[in-house]
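Engineer: Residue numbers (the working numbering), protein chains in the order written: chain C, 1 to 380; chain U, 381 to 659; chain D, 660 to 831.
Treat each hint with caution, since some may be false.
Think about it this way: if two alpha-carbon atoms lie no more than 30 Å apart in a straight line, the pair counts; the simulated DSBU-like pairs of lysine-lysine are [unchecked claim]:
| # | chain 1 | residue 1 | chain 2 | residue 2 |
| --- | --- | --- | --- | --- |
| 1 | U | LYS622 | C | LYS225 |
| 2 | U | LYS392 | C | LYS197 |
| 3 | D | LYS662 | C | LYS292 |
| 4 | U | LYS524 | U | LYS392 |
| 5 | U | LYS624 | U | LYS605 |
| 6 | C | LYS244 | U | LYS624 |
| 7 | U | LYS524 | U | LYS384 |
| 8 | C | LYS276 | D | LYS724 |
| 9 | C | LYS300 | D | LYS662 |
| 10 | C | LYS292 | D | LYS778 |
| 11 | D | LYS724 | D | LYS816 |
| 12 | C | LYS300 | D | LYS816 |
| 13 | C | LYS225 | U | LYS605 |
| 14 | U | LYS624 | C | LYS225 |
| 15 | D | LYS816 | C | LYS292 |
| 16 | C | LYS300 | D | LYS783 |
| 17 | D | LYS816 | D | LYS662 |
| 18 | U | LYS384 | C | LYS225 |
| 19 | D | LYS662 | C | LYS304 |
| 20 | U | LYS624 | C | LYS198 |
| 21 | D | LYS724 | C | LYS304 |
Hints in this document: simulated from the structure, not taken from any laboratory.
For clarity, every value in this text was computed on a predicted model and none was experimentally measured.
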Amino acid sequence: MSRPEGIQLMEGNHACAWGAIDAGARFYAGYPITPSSEIAEVCARELPAYGGTYIQMEDEIGSIAAIIGASLSGKKSFTATSGPGFSLMQENLGVGIYQEVPCVVVNIQRVGPATGLATQPAQADVMQARWGTHGDHPIIAISPASVQEMYDFTIRAFNLSERFRIPVILLGDQVVGQTYENIALPDPGSLEIVERKKPTVPPEEYLPYQPDENLVPPMAAYGDKHILHASSTCHCETGYSNFKYGTNRQLLNRLKNKIYNYLDEIIDVEYFGPEKAEVTLVSFGSASRVCKYVVGLAEKEGIKVNLLRLISIWPFPDREVQEALAKTGACVVAEMNQGQVINEVNRVNTTNTPVHLASGIDGELIRPEIIMASIREAVK
Amino acid sequence: MAVKLNYREYFKEEALPLMWCAGCGNGILLRAITDALADLEIPPHQVVVSTGIGCWGKADDYMTTHAFHGSHGRALAFATGIKLGNPDLHVIALMGDGDALAIGGNHFIHAARRNIDITAIISNNFTYGMTGGQYSPTTPLSYKTTTSPVGVAEPAFDVCGLAEECGANYVARSTVYHVTQLKRFIAAAIQKKGFNVVEAINTCPTHFGRRNIPGDTVEMMKYIKDIGMPRSRFEKLDEEEKNKYLLTGELVNRERPDFLSVYREINPAASESGRGEGK
Amino acid sequence: MAKNWQVVLAGEGGQGLILAGRILSEAAIKDGNNVSLTSSYGIAARGGYSESQVVISEQELYYPKCASPDLVLALTQQAYDRYADNVGEDCLIIYDSREVTNTKGKNEVGFDFKEALLKIGNLKVINSLFLGVILKHRDIVSRDSMIEAMKNNMPAKIHDINLKAFQNGLEQ
Numbered sequence: 001m002s003r004p005e006g007i008q009l010m011e012g013n014h015a016c017a018w019g020a021i022d023a024g025a026r027f028y029a030g031y032p033i034t035p036s037s038e039i040a041e042v043c044a045r046e047l048p049a050y051g052g053t054y055i056q057m058e059d060e061i062g063s064i065a066a067i068i069g070a071s072l073s074g075k076k077s078f079t080a081t082s083g084p085g086f087s088l089m090q091e092n093l094g095v096g097i098y099q100e101v102p103c104v105v106v107n108i109q110r111v112g113p114a115t116g117l118a119t120q121p122a123q124a125d126v127m128q129a130r131w132g133t134h135g136d137h138p139i140i141a142i143s144p145a146s147v148q149e150m151y152d153f154t155i156r157a158f159n160l161s162e163r164f165r166i167p168v169i170l171l172g173d174q175v176v177g178q179t180y181e182n183i184a185l186p187d188p189g190s191l192e193i194v195e196r197k198k199p200t201v202p203p204e205e206y207l208p209y210q211p212d213e214n215l216v217p218p219m220a221a222y223g224d225k226h227i228l229h230a231s232s233t234c235h236c237e238t239g240y241s242n243f244k245y246g247t248n249r250q251l252l253n254r255l256k257n258k259i260y261n262y263l264d265e266i267i268d269v270e271y272f273g274p275e276k277a278e279v280t281l282v283s284f285g286s287a288s289r290v291c292k293y294v295v296g297l298a299e300k301e302g303i304k305v306n307l308l309r310l311i312s313i314w315p316f317p318d319r320e321v322q323e324a325l326a327k328t329g330a331c332v333v334a335e336m337n338q339g340q341v342i343n344e345v346n347r348v349n350t351t352n353t354p355v356h357l358a359s360g361i362d363g364e365l366i367r368p369e370i371i372m373a374s375i376r377e378a379v380k
Numbered sequence: 381m382a383v384k385l386n387y388r389e390y391f392k393e394e395a396l397p398l399m400w401c402a403g404c405g406n407g408i409l410l411r412a413i414t415d416a417l418a419d420l421e422i423p424p425h426q427v428v429v430s431t432g433i434g435c436w437g438k439a440d441d442y443m444t445t446h447a448f449h450g451s452h453g454r455a456l457a458f459a460t461g462i463k464l465g466n467p468d469l470h471v472i473a474l475m476g477d478g479d480a481l482a483i484g485g486n487h488f489i490h491a492a493r494r495n496i497d498i499t500a501i502i503s504n505n506f507t508y509g510m511t512g513g514q515y516s517p518t519t520p521l522s523y524k525t526t527t528s529p530v531g532v533a534e535p536a537f538d539v540c541g542l543a544e545e546c547g548a549n550y551v552a553r554s555t556v557y558h559v560t561q562l563k564r565f566i567a568a569a570i571q572k573k574g575f576n577v578v579e580a581i582n583t584c585p586t587h588f589g590r591r592n593i594p595g596d597t598v599e600m601m602k603y604i605k606d607i608g609m610p611r612s613r614f615e616k617l618d619e620e621e622k623n624k625y626l627l628t629g630e631l632v633n634r635e636r637p638d639f640l641s642v643y644r645e646i647n648p649a650a651s652e653s654g655r656g657e658g659k
Numbered sequence: 660m661a662k663n664w665q666v667v668l669a670g671e672g673g674q675g676l677i678l679a680g681r682i683l684s685e686a687a688i689k690d691g692n693n694v695s696l697t698s699s700y701g702i703a704a705r706g707g708y709s710e711s712q713v714v715i716s717e718q719e720l721y722y723p724k725c726a727s728p729d730l731v732l733a734l735t736q737q738a739y740d741r742y743a744d745n746v747g748e749d750c751l752i753i754y755d756s757r758e759v760t761n762t763k764g765k766n767e768v769g770f771d772f773k774e775a776l777l778k779i780g781n782l783k784v785i786n787s788l789f790l791g792v793i794l795k796h797r798d799i800v801s802r803d804s805m806i807e808a809m810k811n812n813m814p815a816k817i818h819d820i821n822l823k824a825f826q827n828g829l830e831q
């Protein structure tokens, strides 16, 4: 099959795979899991024609390991999974972060814990995406809410990953993964694609973990004359393990600062509805679509509601949420879990704005009436 | 190659002294690998070593080639991606016995089944040395370790037998005592396409030896010299005797097609439809 | 076609409900609308309850499910029972009069699909038939777009029989 073009009906998972291919992904390793498997299927079918490779690994531990390896060999790489698989990936996600390996991990969230409701949506991996791997670390996670965004944000995930040399998590869910919608696929030539920075010094002067002025080290590929020594052990600029006092502090701070000093390039939110409102909804991903619908329902009841939709989840949009809380009478956080983002909202709630939770944990897209009930509670 | 290469091209001398204990054979194994690479005249930048975690997992600290030092048990999974990301590379996974066969057992059997073009060099010292000498999946039945104080209750894996059954193209076992043979097997494994395993029986006088082999590090070395036995003598032993020895030599050398050759044959890259080849 | 539509196609696995959902969705896109299609099937694909929900809107489409359906196709009693009490008065229910025997008699119309299919001479083309019946009652998409979408989703050798079934549905 050749690349689909123009406006058409497409499943979210297919849109994700095409986004990856258009972003330049040439390696996919994965393990089948509902509701993400269509991403693997498209990659298996399409990547060879692009000179790329698909491999089905023995488990998700191996899958993320393989994409990290392939990325270090110079290929843009990604994997896709859901709850149990995302849990298995946590170990090596830390390896990818520590060794600064660009790659994308797509998590099409389903209901957990354990097997949960394997075919049904949830948004309960928000904190796992942030803190699932052990140790101090930054992470970037972005959350699509439509089929179009499954395509667009997959490309954005690759771009952020290449720009910052960090694994980026595309935090989708079963609704955006398996819904079909009309999508407009752009001409691939018109896309802005970011490539990793290559070393400019001669091979003998190359230190693989010596950062540039933006704190990101230029990246050689295995096979280049610039020798790349990538270690999961505490390492200095040479890439070799180093246990001197201060090395770990320096490394961890740089890993953090290379992200947190450049939040303007990462943080993204969407404002929806009237500028001033009695209640501000905070939501993300597929739940945020329901919020947009609910803004209209609330208006019919005479309640002025607007929405702050988080597009980037991690790093958390502290400032944007803080400002929204300061401007509103009350806040309702709508999420398909028992309350994860709400804790982050409360963390930045310096104005003591009342914050309520609309929690969708029924294995389906959160129902509008659940959010409406929280809104009514908030204006009581 | 205009200039004959020397093992020093691959060996990071400024990292000396080696961190391994006196009497450990990892240094010998490292020399055998770097010697083999020099003999094969493979430039360091065309080699990637993927190491696991454990004593032998520190080997990349002493090498000048490209290197990946990842997580415990996953060296082969990372190596799989490294190889598929750039098939021109010589990818060598360096793993210990616990690394390759306990936590990494799943990756090991599937790498062998796929016959992916990677050389796996397993330093088998029958124990988890780095963590203090616990029993591993290759500790012989009834031998003592810190977690089997009266003897281990589990039978050991036959590393080479497992690799053979799972489909490895080349399987050889030697010891760090038999340096010349070891180097020859490593060179053969690196040259051959497919999943190729060299098991190097190694000494651990600090942990395994102290609890099981009377005497000093020299006795430990003699122990591994003596338990290795070529097929001609091994096959004359009765079944009970065989349990006391390890068959050494080139045990498997066959021509199964490797993963990537099969994959590319049935998935030809239609480069005209691709927007660039990704590299 | 200026209206927004929420259409439920419900029945059991094997009745082509998923494909029909795709065809209806693609036709709506050809008409210039936004569309959201969700299907529930999976292990039900070989029998058991199955449905497609198609939401069509000229505006940005927020809620991707049928919150208040405008039309429900019910090919089994189970499908009928699932929706009959839960839809608004304006919602039209088209049901299979052979399969659905216990009806509420509200805003609904029964249709003997099997009889029509026997006349057409092919029991497999039920989805093209019910798409015709749906369009006869509600102008959800243009007929041209529907025919184009049908052709795009079927191998050429079965175009004629499916178009015949579609036409038959339109003329009932």
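Engineer: Given the hint that LYS622 (chain U) pairs with LYS225 (chain C), does the C-alpha gap stay at or below 30 Å?
Structural biologist: 48 Å, violated
Engineer: For the pair supplied as a hint, LYS384 (chain U) and LYS225 (chain C), is the alpha-carbon distance within the 30 Å limit?
Structural biologist: Roughly 19 Å between the alpha carbons, so the hint for LYS384 (chain U) and LYS225 (chain C) holds.
Engineer: Quick one, are LYS300 (chain C) and LYS783 (chain D) close enough, alpha carbons at most 30 Å?
Structural biologist: 46 Å, violated
Engineer: With the threshold set at 30 Å, check whether the alpha-carbon distance from LYS292 (chain C) to LYS778 (chain D) stays at or below it.
Structural biologist: 48 Å, violated
Engineer: Between LYS276 (chain C) and LYS724 (chain D), does the CA-CA distance stay at or below 30 Å?
Structural biologist: 29 Å, holds
Engineer: Quickly compare the C-alpha distance for LYS624 (chain U) and LYS605 (chain U) to 30 Å and report which way the hint goes.
Structural biologist: 13 Å, holds
Engineer: Does the structure keep LYS816 (chain D) and LYS662 (chain D) at a Cα separation of 30 Å or less?
Structural biologist: 34 Å, violated
Engineer: Does the alpha-carbon distance linking LYS524 (chain U) and LYS392 (chain U) stay inside the 30 Å limit?
Structural biologist: Not OK: LYS524 (chain U) and LYS392 (chain U) at ~36 Å, beyond 30 Å, violated.
Engineer: Measure nothing beyond the straight line between the CA atoms of LYS244 (chain C) and LYS624 (chain U); if it is 30 Å or shorter, mark the hint as holding.
Structural biologist: Distance ~45 Å between LYS244 (chain C) and LYS624 (chain U) Cα, so the pair is violated.
Engineer: Please verify whether LYS816 (chain D) and LYS292 (chain C) have alpha carbons no more than 30 Å apart.
Structural biologist: 44 Å, violated
Engineer: Please work out if LYS624 (chain U) and LYS225 (chain C) have their alpha carbons no farther apart than 30 Å.
Structural biologist: 47 Å, violated
Engineer: Tell me if the straight-line CA distance from LYS662 (chain D) to LYS304 (chain C) falls inside 30 Å.
Structural biologist: 26 Å, holds
When held up to the earlier numbered hints, the structure conflicts with 1, 4, 6, 7, 10, 11, 12, 13, 14, 15, 16, 17, 20 and fits the remainder.
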